[in-house]
Amino acid sequence: MGSALGITVKFFANFREAVGQEQVEVAAAMDVAALLDELVRRFGERMAKQLYESGSKKLCETVNVLVNGRGINLLSGLDTKLKDGDVVAIFPSVSGGG
Amino acid sequence: MPDVGIHLKGEVSLPDLFQKLRQDIGENVGAVGCFVGVVRGLSEDGERVKFLRYESSEDAVKKLEQIAADIEKRPDIWRVMIHHVVDQIAPGEDAIYVLVAGRRRDDVFRALPELMNRVKAEAPIWKKEVTEQREYWVHELAERK
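Read top to bottom, the protein sequences are chains A and B. Read in order, the letters of the first sequence are residues 0 to 97 in numbering that gives the first Met the number 0. Read in order, the letters of the second sequence are residues 0 to 144 in numbering that gives the first Met the number 0.
Hints in this document: simulated from the structure, not taken from any laboratory. Think of the CB as a built atom: it goes at the ideal place given N, C-alpha and C, for glycine as much as any other residue. Be a bit skeptical, because a hint or two may be false.
[What the hints assert, rightly or not] Now the stretches of chain A that chain B is said to cover, found in silico as 3 or more residues with beta-carbon under 8 Å:
hint : stretch
1    : 7 to 18
2    : 80 to 92
[To be verified] Beyond 10 Å from chain B on every Cβ pair, some chain A residues (computed):
hint : residue
3    : Leu4
4    : Val25
5    : Ala26
6    : Glu44
7    : Tyr51
8    : Gly54
Given these sequences and hints, build the entire structure.
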């Protein structure tokens, strides 16, 4: 830690609306859980409601979190470690097509 | 090679894609099938739709390539094209084109729903529906049901 790089967090769809920005930089976060805590601290209850199942710290099943393009379900979930330069994407279930 | 893309409105059309597909069509091709996704004028709840606003991530093209390549690997499929419009789209306008050329009609008829089901489940594309009464993300509506 300590590099100026930090962690880039990209938001899509309703998360982008909740945040009002396409992406933010977070100086440091040990793991995904700590990063999400920081996002809730910055963006408040609306972010918490979109991330977590009601009244818990369990991520909603419909929320996708990718670290450098890989889903955290394929990594270590909320315990996935983060380092400077990582790019985290947060988005809901997809709904493309006609 | 699969042929895929994410486009703004007006950048892609079915006749252009069809013409491109026919230009160098393989000699073993006996069937061409196509699916066009069109924006409906009435929502699931019967509200009059003003428009749909699509949004995608930068990984969307890569995912479309992967989906198309998986199907194109089949020996009886010659070419797959998936082209999605990501923009503000009005009722009656096209949102997605999927074209498949293959050896027989059964190969093509089987591939089309598989391709569309995978696009809907895997491609990082979202849509917001704006009706005369309200607006909502379509995935949120689906999650509530």
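*Return the numbers of the hints above that this structure violates; sort them in rising order.*
Hints that this structure does not satisfy do not exist here, as all of them hold.
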